[in-house]
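First to last, the protein sequences are chains Y and U. Counting in the working numbering, the first sequence runs from 1 upward without gaps. Counting in the working numbering, the second sequence runs from 1 upward without gaps.
There's no promise every hint is true.
To give a feel for the contact side, a few chain U residues facing chain Y, derived at Cβ under 8 Å [to be verified]:
#, residue
1, Leu104
2, Ala105
3, Phe108
4, Asp115
Derived by calculation from the structure, the hints in this document are not laboratory data. Built from N, CA and C at the ideal position, the CB exists for glycine as well.
Number of protein chains: 2
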Amino acid sequence: MLPIQDELQAVEVRLRAAMTIEFEPLAQVLAALMQSGGKRIRPALAILASKFHSADADKVYTLAVAVELVHAATLIHDDLIDKSALRRGSPTINSRWSGTATVLAGDFLMARAADIAASIENFRLMRIFAQTLMTICVGEIRQDFGKDLPPNQDEYYQHIDSKTATLFSACTEGGAVLSGAPENEIQALKAYGHHLGMAFQIADDILDFTADENKLGKPVGSDLRQGTFTLPVFYFIAQDARGVKIADLARGNGQDGAEMDALIDSIRRSPAIDAAKNEARRFARLAQDALAIFPDTEHRRALHDLATYVVERSL
Amino acid sequence: MLPIQDELQAVEVRLRAAMTIEFEPLAQVLAALMQSGGKRIRPALAILASKFHSADADKVYTLAVAVELVHAATLIHDDLIDKSALRRGSPTINSRWSGTATVLAGDFLMARAADIAASIENFRLMRIFAQTLMTICVGEIRQDFGKDLPPNQDEYYQHIDSKTATLFSACTEGGAVLSGAPENEIQALKAYGHHLGMAFQIADDILDFTADENKLGKPVGSDLRQGTFTLPVFYFIAQDARGVKIADLARGNGQDGAEMDALIDSIRRSPAIDAAKNEARRFARLAQDALAIFPDTEHRRALHDLATYVVERSL
């Protein structure tokens with residue numbers, strides 16, 4: 001339990017207000033998306049990172065709302081790019097709307113996030129924010145372009161950086177900036193956010209293989225079924241004699257449902273899962289190391305424990 | 001010839017720099033889009049609106065670049081929504097890329113525009129900018145949703161407002177804000193931009209029927225062929241006894257190429273064209289009226305003449 005429950009509740013109220021829009025169809029899908037929950041880990045990061053100095057709480061909550069909106073926008077775009085039918089057990093926007101309308105719904109959230117971020121009236125924060133949006137966009141375009149190219153482990157790291165770590169580090173850097181922290185602390189919290197984001201996404205990609213299907217709200221191995229190669233797959237291919245054949249299979253060349261099910265089961269039972277988890281733990285430790293310069297407060301401990309949590313969670 | 005040619009040249013240099021991006025496929029399509037030209041009317045508006053007081057030229061040029069990038073982003077999205085194959089005689093991005101990648105290319109430009117706008121370090125301008133992006137997004141979503149609904153003249157006005165007039169007024173309001181103009185002048189220039197944008201878009205929609213096909217770079221009547229109803233069509237339907245039947249026809253129910261060609265020819269030769277032009281002239285006069293509070297300088301005259309130009313131009 002994070003030592004900022006009341007503050008996260010204040011963010012929740014503002015998040016609902018941020019979904020207000022007079023165009024009813026859009027208002028409905030956005031409200032549904034927000035109500036379906038989520039861990040609000042990005043708002044928590046922004047708040048915790050602001051705690052080492054005295055920050056204007058109102059501005060920190062505003063940042064927390066803005067980053068969660070960006071996150072929601074990327075979920076909308078990701079589901080479209082991955083053609084996912086379900087998100088947290090509910091139908092995705094792309095399963096109900098045209099592709100164009102779906103992307104524009106995400107765009108609207110990004111624009112609203114930019115407006116909310118601008119209302120904080122902090123120039124440095126605004127730049128961090130806009131540059132994060134650019135990085136996310138370019139990452140999504142690369143992903144869309146890369147669909148038909150051979151999978152590549154370096155690109156996987158680049159992809160999870162632009163998809164997840166960039167926004168995590170914007171949360172912690174932004175929170176630190178709003179608290180008036182000195183530059184070395186801003187950089188330390190930015191680095192913490194980056195490493196935490198890498199750990200979080202690798203853990204997420206492992207859970208796609210290992211989590212309970214009911215909790216996932218979608219079939220196990222969805223990433224691979226959609227032709228997305230994540231770290232467990234790269235590790236599995238590296239140690240498996242059938243390597244190239246598996247790559248062919250996973251790219252949709254001639255597999256039927258049973259073959260894919262068997263492959264996913266093989267990966268789930270292989271040492272690749274533990275190897276990927278160790279890589280996630282390595283990033284979590286890098287995140288924790290970045291906290292060394294801060295005093296031992298409850299908020300530093302919360303950030304430290306969060307790094308353990310994101311890797312060890314069961315969803 | 002506007003009295004700001006050197007300044008527009010400075011903007012052009014910065015526009016090319018703003019297209020820099022390390023992801024080669026994206027860099028290529030954006031460079032092609034920018035090189036294909038355009039009237040740079042939005043940069044001109046930002047510059048002219050800043051001329052009634054002393055503005056930091058560097059900030060005004062930066063605003064000019066940001067608004068032109070937003071414009072380019074909306075062209076990318078519009079071409080996708082309209083399924084246009086050609087823009088200024090060149091293949092559109094959507095004719096070469098997937099729908100998702102195309103929208104994301106537009107998103108990237110919007111994010112870069114937001115970053116460039118943030119670099120101006122003016123809070124009010126940043127809010128104007130972010131809110132303009134939201135209005136444009138919602139307008140695009142409405143358009144995508146409205147495709148299968150009966151055409152509606154009120155929605156046409158709402159659509160050209162969000163599509164064109166909002167950005168025009170952001171240019172003039174932004175230029176005025178950067179010049180340190182008093183509030184009444186900011187509001188006057190904002191109103192000028194809005195009315196000019198309405199006039200501009202109506203004129204554009206007329207030109208889709210009346211312009212030379214070679215100059216248009218696409219078939220005459222493209223809007224209607226794609227099921228988009230513009231002011232000349234509404235006026236034509238209102239005065240034509242076949243009204244409902246034409247609406248059916250234009251929505252793609254059973255027309256063949258020859259029928260559509262004949263319909264477009266009928267509209268082009270009808271009084272609906274002049275009626276629409278008079279409506280555009282009405283908006284142009286409202287724009288000119290908004291300039292009344294300013295002294296009679298060359299820049300006010302340029303803005304005045306621009307309102308005449310946007311309505312009377314042959315493309």
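Evaluated hints:
Residue-level restraint check for Leu104/U holds (minimum Cβ-Cβ distance to chain Y is 5 Å; threshold 8 Å). The criterion of a C-beta within 8 Å of any C-beta in chain Y is met by Ala105/U, whose closest approach is roughly 7 Å, and the hint holds. Restraint check, Phe108/U versus chain Y: the minimum CB separation of about 4 Å is within 8 Å; hint holds. The restraint placing Asp115/U at the interface with chain Y holds, with a minimum CB-CB distance near 4 Å, inside the 8 Å limit.
In this structure, none of the earlier numbered hints is contradicted; all agree with it.
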